[in-house]
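**Q** Relying on the hints, combine the two individually framed chains into one complex.
Each chain, letter by letter, is given below.
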Amino acid sequence: MGTRECQHICGESSPAVGEAGKTGEWRDSFPVIDQAKCLPVRQNKPACFLCWLYCPDAVISRTIPIEIDMKYCKGCGICAQICPAHAITMVNEEEFCPHETD
Amino acid sequence: MILVSKKITKKVTTWILDGNHAAAQGAKLSRVQVIAAYPITPQSPVTETLSEFVEGGKLDAQYIAVESEHSALAVCTSASMVGARTFTATSAHGLAYMHEMLHWAAGARLPVVLACVNRAIGAPWNVLNDQQDSISQRDTGWIQIYARNNQEVLDSIIQAYKIAESVYVPVMVCYDGYVLSHTEMPVNVPLQEDVDRFLPPYKPHTILDPANPKNYNLVTLANPRINAEGVLCHGYMELRYLLQEALQNSRETITTVGREFGELFGRSYARMFWEDRLDDADIVIVAMGSLAMEAIVAADMLREAGHKVGVLGLRVFRPFPKSDVVQALEKSRLVVVFDKNISYGIEGATCSEIKSALYGNSVRAVIRNFIVGLGGRDVKARELVDAVNKSLLSLKEGVLNEEYPEWICDI
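Protein sequences appear in the order of chains P and U. Per the working numbering, the very first residue in the first sequence carries number 1; after that it's consecutive. Per the working numbering, the very first residue in the second sequence carries number 1; after that it's consecutive.
Honestly, the hints are just simulated from the structure, not real lab data. Do not rely on the hints blindly, as some may be mistaken.
Claimed, not checked - To spell it out: a stretch of chain U is covered by chain P in this simulated footprint if at least three of its residues, at any positions, have a beta carbon under 8 Å from a beta carbon of chain P; those stretches are:
| # | region |
| --- | --- |
| 1 | 99-109 |
| 2 | 237-247 |
Unchecked claim - A short list of chain U residues far from chain P (calculated; beta carbon distances all over 12 Å):
| # | residue |
| --- | --- |
| 3 | 12 |
| 4 | 39 |
| 5 | 304 |
Quick caveat: nothing in here was measured; it's all calculated off a predicted structure. Cβ coordinates follow ideal geometry from the N, Cα and C atoms, glycine included.
Here chain U stands alone, though its shape is the one from the complex (with noise of 0.2 Å):
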């Protein structure tokens, strides 16, 4: 970390970080109180830089020492239960051992805040970037944010603290492994100060006290009952619509707290995806993560070429959009949707919403989606380029509806 900056307005350093120091920064500065982490590439520098923070004096937080990325995640939803913030990190297969706390914290409603570091999944082996990890976790009951960038990391976190503890669900960042986790850019860091006007202390729903016992998360059957006092109380069924709930509704509370982030550190999260040129654009290219940079790229390539080239980068994946969507496509004849994951026997995870956001509206654009960057594949703003060309080029000849999508790979 090299201080850039100190003059400033009184309310920014500049420093340059990384994708990982800039995820450990935004804990810290969110006043974390319990962290619970196992390293892995390439989420470890995350873990180290905490755990420093802690055993420095500069962060008032219990580090917890744990064997397993299960346990990391069991102590997080533990503390956050008896009242603390919490933090983990992880990529790949640490994300993959924590599936079962995952379905636990969000069920538990608890406001966990998770980096994830994105990385491919075994087999085979591989420490490289691609979105299959925090995709694979989709349905888990988690907000889902993706950042083009390590500012985005920084801001993502300590905005995800806001808005896990308004809406009692627990929420992932995430950030493509290399390509931001250890790439050094330059970061806006925020005084405490101001981090401490925007986040209040959290405040949990319910709280395990021994003066007042209660079980909490115990065995729910599937009809509501009649407890001791003589109240209905939810069945199964009941507290999961809470859960659906929380997250239909939560939509506002992204897109209030990401503008009054803004309004007080001048970058503005109130949308749930970034736009770029879709005004007047008729094709659009959709990417999520560290890809929409370099859509942007393509983009200029194509507007050079003379097409209407618009970006739409997806940063929050849960909830889904789906109305914003549908307006930002709407003038849209062809929609270029690149996914670094892929759900295998069907398509890539976010093309597959963008097709659900658009079905029974009146936007009839053409859909084409490529499956890039797999395990570290780069992913070269050319090769976007010629995918755009490539799907005009079928357009023209008539080919409405692929079944599958297309790899940009060697095979």
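The following block holds chain P by itself, in its conformation from the complex (with noise of 0.2 Å):
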């Protein structure tokens, strides 16, 4: 069974979860949210979502809290940058979680 089956004429794709495969493959640094300083969850109502806005690969929720989906956060780090509550920090996975070395 050939790619033929797919019927596509040009390159084509839905946009869809996991389209692109598991991006948070990808990551080397996380976003870790700390919830006392986030302003939904502090003023508890929906405000600000600027980090919901500004991610490029749609994860965080609109949510209180937010949440992200470490399925597939690539770990830019746009909504540390742009949370203008500072709640949001970038930790480095290799010193969270090092890896076993020989």
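**A** Structure, rendered in structure tokens:
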């Protein structure tokens, strides 16, 4: 069975979760949220959500509290940069969970 | 434009048109919906005429003014993607500037039609005719058709849409700058209703639709990939294979469309090259574009001198009609190829193709290549005759292979 069966004539895909693979595997640092500083949590109402707006991979939920889908978060750190309350910190994966070396 | 005859059989009106106006009429009759082009000598009258058509309400199309040829073709590919029939025209440096988008249009399988008014490329600056510009775009995946006269310019553009929209490959209709673009000759202009019968509306293979969002021509890696729906999708190489397959298969479409055109309009384009007296010819002149007409004059002169000379005028350069060429050259002992282009370091592009077509076949003709007419250098029939005579003489002296082409110039 070849690829002809997809019947595409040019490069084509549909926007869907995981269309580009498990991009979380690309990550070398990950965001940690201090919920006590996060504005929607502090005010207990939909507010701010700049991280949700700016996340290029759409892995941050617009909820209270916000949630980040680590399966697809690439660890770009834009959320940490944009957060006005400095509630997000990027943590190096290696330091957090060092690989065992020979 | 002067109207010479109005009576006609109801099917045709004969106008005196230069190549650029013939191209504009061809685009108009094809009911193009989006035109984006940037003026460049000698193509400018095509864009001017089409903008007049749009401005004067004679053509229901969007004329999009752009700041460059790269943008012109970007507009055409985008408009084609959302289902519009698109047209652009350019020459020389403009075509070179489109290079990236030429690849894009072909790779995205968008049936854009482009009129290339053949002009020499700098350095040094030159605005006159040769075919280096379109030959340099040979490997971009476009179908290339070369017109011998202004009638063929008009007819080829109408056919180009039918071909492109059948096989989803863009088509470049090439015609010689000045020699055709600015030279007036009688052209039969078909009626709109007849063209409408010949050319159905464009049906895009895919269409951008906000209700059904898709990514097109996204980053496609080397290997096939299973998408989110679990379907195995093409990798880069599979998509490129499909483009080659489309060009291979387009040979049949090109000849079928050419035959249908002949049935409706009385001018058949059922072959991918024109033949002149090949039946009994043992010497064949090969040329492309308007040069093929000059070659016919040369063949007349050589026939008068007692040589059995025929002409093979290449009309479709991509896809290259390999097996047909072999058949046409079967009886020849000498093939003289004239090129208005050169692949530096080897020879003229059409000569290479003819040699490649004959490899592995029983045709044992000796092949000679002459580079002529670069940068608008006049090509006289007498010079073609001399070149054939010179080739015959060297053949008599036992020279079978010349490694490099000869140039007809004064160096």
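**Q** It remains to establish, for every hint, whether it holds in the given structure.
**A** Quick rundown of the hints versus the structure:
1. 99-109: With 3 residues closer than 8 Å to chain P, the region 99-109 of chain U meets the three-residue bar; holds.
2. 237-247: Our answer is that it holds, as 3 residues pass the Cβ test (under 8 Å) against chain P, meeting three.
3. 12: Since the minimum Cβ distance to chain P is about 37 Å, residue 12 of chain U lies beyond 12 Å and the statement holds.
4. 39: The claim holds: residue 39 of chain U sits with its nearest Cβ about 31 Å from chain P, beyond 12 Å.
5. 304: 53 Å, holds
The structure shown violates none of the earlier numbered hints.
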